[in-house]
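Peer 1: What follows is the residue order along each chain.
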Amino acid sequence: MEQGLLQLWASTGLANFTPGQVVMIAAGALLIYLAIAKGFEPLLLIPIGFGGVLANIPVADIAGPDGLLGILYHSGIESGVFPLLIFMGVGAMTDFGPLLARPSLIILGAAAQFGIFFTLFGAVAMNLIPGMEFSLADAAAIAIIGGADGPTAIYVASRLAPDLLGAIAVAAYSYMALVPIIQPPIMKLLTTEKERQTKMTQLRHVGKLERILFPLTLLLLTILLLPTATPLVGMLCFGNLLKECGVVDRLSNTAKNELINIVTIFLGLAVGSKLAADKFLTTETIGILLLGMVAFSIGTAAGVIMGKIMYRVTGGAVNPLIGAAGVSAVPMAARVANKVGLDANAHNFLLMHAMGPNVAGVIGSAVAAGVLLAIVG
Amino acid sequence: MEQGLLQLWASTGLANFTPGQVVMIAAGALLIYLAIAKGFEPLLLIPIGFGGVLANIPVADIAGPDGLLGILYHSGIESGVFPLLIFMGVGAMTDFGPLLARPSLIILGAAAQFGIFFTLFGAVAMNLIPGMEFSLADAAAIAIIGGADGPTAIYVASRLAPDLLGAIAVAAYSYMALVPIIQPPIMKLLTTEKERQTKMTQLRHVGKLERILFPLTLLLLTILLLPTATPLVGMLCFGNLLKECGVVDRLSNTAKNELINIVTIFLGLAVGSKLAADKFLTTETIGILLLGMVAFSIGTAAGVIMGKIMYRVTGGAVNPLIGAAGVSAVPMAARVANKVGLDANAHNFLLMHAMGPNVAGVIGSAVAAGVLLAIVG
Amino acid sequence: MEQGLLQLWASTGLANFTPGQVVMIAAGALLIYLAIAKGFEPLLLIPIGFGGVLANIPVADIAGPDGLLGILYHSGIESGVFPLLIFMGVGAMTDFGPLLARPSLIILGAAAQFGIFFTLFGAVAMNLIPGMEFSLADAAAIAIIGGADGPTAIYVASRLAPDLLGAIAVAAYSYMALVPIIQPPIMKLLTTEKERQTKMTQLRHVGKLERILFPLTLLLLTILLLPTATPLVGMLCFGNLLKECGVVDRLSNTAKNELINIVTIFLGLAVGSKLAADKFLTTETIGILLLGMVAFSIGTAAGVIMGKIMYRVTGGAVNPLIGAAGVSAVPMAARVANKVGLDANAHNFLLMHAMGPNVAGVIGSAVAAGVLLAIVG
Amino acid sequence: MNIDQLLKESFHLLGLGMGAVFIILILLIGIITLVSKLVPEELPVEAAPTRNSSTPVDNQHIAVIQAAVHKFRKSRGS
Amino acid sequence: MNIDQLLKESFHLLGLGMGAVFIILILLIGIITLVSKLVPEELPVEAAPTRNSSTPVDNQHIAVIQAAVHKFRKSRGS
Amino acid sequence: MNIDQLLKESFHLLGLGMGAVFIILILLIGIITLVSKLVPEELPVEAAPTRNSSTPVDNQHIAVIQAAVHKFRKSRGS
Ligand code: NA
Ligand code: NA
Ligand code: NA
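Chains as they are written, first to last, in my numbering: chain A, 68 to 444; chain B, 68 to 444; chain C, 68 to 444; chain D, 2 to 79; chain E, 2 to 79; chain F, 2 to 79.
These are calculated hints, taken from the structure and not from any lab test.
We put the beta carbon where it would ideally sit given N, CA and C, even for glycine.
Just to be clear, a hint being listed does not mean it is correct.
If you want the ones that stay clear, here's a sample from chain A, every Cβ over 12 Å from chain E, calculated [to be verified]:
#1 L101
#2 P132
#3 G164
#4 K255
#5 L357
If we take Cβ atoms under 10 Å as the criterion, some of the chain E residues that face chain A in the derived model are [to be verified]:
#6 Q6
#7 G16
#8 L17
#9 G20
#10 A21
Work out the full structure: start from the sequences and follow the hints.
Peer 2: Quick look at the structure:
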């Protein structure tokens, strides 16, 4: 009996906790709190936070190779399958109409990717700080946070720096949730009141054939120039083709509803498995959180500055605020641009105009990911 | 030609049947019949029964390592993934409101677990009968039938006694379907007419915050005291958090509809693969069926007796019948309590009062499973 | 820098294309075009065509063992899981009522399988042409195209001739889409105007019990006589039982909606992985396309001829046109029979009468597949 | 196998395959006919379209409809 | 293990298991009671049935209803 | 790699990466513009909201609505 009691006690959490696990369970709970109470990207951060709690339970080894989270991680993230399926679902949800209606604004989605590559630079420079040690692959995986696109960040991190994946995913989704707080000051700092008041002309109608041809031409372009980006871009285009072609609605509906929901649950839990204390509680994580913030800020600034250039070039036809939407963080960043625009002029509705750069930013980040995978991978 | 005919004949079922396979195909058909005609847990017993038929087809080897059922078994049950996903869906479906409204009734869900541990004892004692040979792990896996909870039984059996899984799952679901027949005589035997007529006061309203905190505190408690129960309890809590937090309805809807349906089909077929004649047609199976019945009966009795104690302690504020719901078998056992209550007093609606002990029984069984896995596993 | 540019150039598609890949990307685009613009089986041919494009992207290796398509192929088609799940969904969608109402017409679904076995003969004979080299297994896999049933063709090909799977799947779905063009001339050639004008008496009502017993008896018969057909027939019967039993609607709805949609997307992409240039661009592919066309034509002719025999035997109670529906290609071939019937007599509605032979053709092809797997596999 | 053997094999398969298909499907006809004789005739009621009670839509429907009817009522000044 | 050891083991498990179940569930009762005291009381409003705005059904509803009401209006000749 | 090499590498990546992003997205602008010129203009009809005929909801709608209208009618005593 005594032996049994000892055995039972020896198998309690109380007897087996490491301090790191306690901290990480609290961190998981914090993510859940932020998701529920503050609306921080709850679709992802609730599963990730809960997965982080489960991963740090002593004895149970749920994130180990035979535990549920470990199995999900191995079969869905290590393989790259989950982020690609999410991207298919995103494609099936995305309306590229605004982008097609005014393609010149795509350039704003290009400029905002500057945040990625500047951060790469910064991550490498961090090696000068004692205690930080980032390889080029690590730095590239961290930099992609600046893409403000969850599945892209997870896909790249799973390929280049799986040990950092937990911190990278948490940073990416947290900062996406913080976009309404991070972006406005930068946007206001870099623009004049007059620029922010700029109204934009209504978008032209985009026909069905143009919408069908878009995913195909985008994929073709990516194939020709940057095939390493084609898994991501390809699945995005596949989902979008299912949506736009109009003859397989049952497939596109499943892709953007049940399938993406299932994969989101699994992906979140699996990412959570990388919040295990021994991998997460390192000085590197602090570096990642700092760099992620820098990446978002630089990306926003680059987008706005490009917006100012377009404002000049077009003689005031483009509101520079929509440049900030180029970081992606769909559709939050577009809403922020709209909000800041409304603050300057209560009759200035920028939402649809910002959607073009916003979805262009998704493509831009996927292209940037392709470059990183090609050169560093 | 003749050779071809011989080859074809040699590949017919007629030429290859073993008597055991014939018996087991009939057994599978019986399960399907009971499910359709008698309403025996059809969601599980139709797939299990059909899987049992498929598993006993000669030549085809559908339950073998390269057959569909074998693949499903390996990837979903051996790994523990399917029962855990079912538990997540159950969590997303379960309303813990009644339990939160009157938490003292949880004790009824604890008492009913006595069925599990008494059966463990019984299973070991069966070794005295010649021809029966149950290891401690076998006995523990059989005992969990008394938990009256399908996924818990399958999860524990897959870990402790995979060879007995088919018989254990069939027994668990069959007895759950038989709850309306097994429980009432025991309930009536142990209670007086006056006790059965006891009315209970209306439940208090339970707020949203309490509902959100419940899965988190339950998980925390389990982590601290019994981490081996956290895969089961954790997924139950995760599903329930998705439901109650109110910000990820698309995930909780998928978890409790499409995802649980898909997993139910796969789980049922995979369990059916363990109805292969050579594993199922043993004297052990008879023992399992007997012990399962004992487990349900003892669990019911223990719940009712604890109900009688609460009736005394509270001065007649608790109807002892709802103790029977503590075995779980959600929501069947709660309905049985309601029915027997109505028989005693046509104005006595116990359903909501029985739901508290009923869902507490799910938690109780998961805790019991954790103890068995910690000590025996 | 220069080195980086070279590295980037070396990783472009332009620098790595083989001519075969260019051809196959064009072929994938053609399938997508036919699916969208011409309505060629879009549910399958869009994913297959898109998968074909992705599979032929240089550098990215998406169809390789670590790429998304390769993973889907390995886990879903090599294992046989995807076609079997599709068959389950087909079972959950199929109404066997017309077949049960007039069972004698099943014989038409048997006759049409002649297309399969004649094509087997033809495929072997093709070895006489220099450059063609088909083993018996190859020939059997090609012949099954004549079954006019996608999942059956994919299942058999994945077992007997995985290298030919891409061409076989493309041929099967393309010819199914072409049924309205391939069949009518053959049907008109073999029947007289008077035969085509034959009206058929209304079908009797079929009760629920008959509907429930049908999948079970069909499975039993297959078990007894041809167990190698039971994976296919079994999953078809399982899906149909879920549909007809009436007590597990949530499972049958999931099987015929979300689950079949998810599997269709995955199956299509995975089949596309077999359109990689080095496997597809062979003289064998031309042979497969030719033989597939022959298979459809012979199958149609055999069905119609059997229809003429039944017309004689029944004294004009059976319209021979419905024999053409025996090839399956559900429900297209039944609609073609209806259309050709209407052309002959504007008041002659054959659709429901043709549905019996049509679904019988599915069973017939699965039986034929079982024979091929038993003897050749 | 050389071409002769292959042709012979496929000739065999033609016979065996069509044989199996016809035997099984003819037996199926027999069984279906037998079952339809044994099973008591059902009346083709098809009943009223049973609504799936698990769908939460209905209450919404009714709410929306009530609102619509209410609005309509008001707009008619009654 | 022989039968004696097995019986002893399962006797232990009976004690440990029921002990663990009761301890954990009684602690749960305590925690729930505590939480319900700490959490500020909520009014059982249940509000109006909040409709999920992401469903595209509503507009269809309204269209269908408008059509129905229109038809009804017309049929009454008003 | 030491820190100098890493910095050099990442400087290269900055150039290559932004170069690739701009080149591809500018080409995309060109292609979209070209395609929009080549493709014949479509009228922005957007038609009537085409209802998905595969959904079984509509009949339910109509039944529920008829019931509602009927009730309303009755309640007005007409
Ligand atoms: Na981006
Ligand atoms: Na229980
Ligand atoms: Na067929």
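Peer 1: Of the hints given before, which are not true for this structure?
Peer 2: As far as the earlier hints go, only 6 is violated by this structure.
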